[in-house]
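Trainee: Sequence:
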Amino acid sequence: MDCPSESNGFQAHHARLLTENFHALLGRPLVNGTAKNLYHAPIVVLSHTTDADPILNYGNLAAQRLWKLTWEQLTTLPSRQTAEPMEQAQRDAMFAQMRSKGFIENYHGIRIGSTGQRFEIKNAIIWTLHDNSGQKRGEAACFREVTLL
26 MDCPSESNGF QAHHARLLTE NFHALLGRPL VNGTAKNLYH APIVVLSHTT DADPILNYGN
86 LAAQRLWKLT WEQLTTLPSR QTAEPMEQAQ RDAMFAQMRS KGFIENYHGI RIGSTGQRFE
146 IKNAIIWTLH DNSGQKRGEA ACFREVTLL
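Residue numbers for the sequence shown follow my numbering, so the first one is 26 and each next one is one higher.
Hints listed in this document are in silico derivations from the structure and should not be mistaken for laboratory results. Possibly wrong hints are sitting among the right ones.
Taking lysine-lysine and the DSBU-like style, the derived pairs with C-alpha atoms no more than 35 Å apart in a straight line are [said to hold, decoys possible]: (1) K126 - K93; (2) K61 - K93; (3) K161 - K126; (4) K161 - K147.
Model the full assembly from the supplied sequences, consistent with the hints where possible.
Mentor: Printed below as a string of structure tokens:
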């Protein structure tokens with residue numbers, strides 16, 4: 026998937042998948058407006074694929090800034106690498122809990138950026154992405170609160 030831009034409608038199809046699933050599961054909008062608003066939103070929004078070892082396939086500008094990665098770097102990163110090895114079991118447990126009901130709220134966890142900077146994410150919402158036919162297309166997260174460690 027190319028970097029969201031005017032020329033590709035800021036990845037409107039994927040943005041719609043993110044926002045429609047969020048709204049269906051939580052009953053409120055993820056962001057107001059367009060795919061462009063999602064890409065430029067002040068909250069971090071990420072998603073990953075359904076592969077056995079999921080790869081990030083979307084990260085808005087807030088996510089790119091937090092992890093200090095370009096779009097191209099972010100969207101080739103295995104999702105598990107956003108957490109240090111010692112934090113991955115806790116991350117895996119969170120995903121198991123989320124999968125049982127389709128989403129979770131108020132998740133807290135330690136993550137690591139590309140420079141080695143550790144940070145805690147707080148009050149994250151994690152949800153499953155399904156297309157119109159009900160097929161699972163990935164999982165997503167959003168959060169606003171970050172504390173550098």
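Trainee: State the violated hints by number, sorted upward, taking the hints as numbered earlier in the document.
Mentor: none
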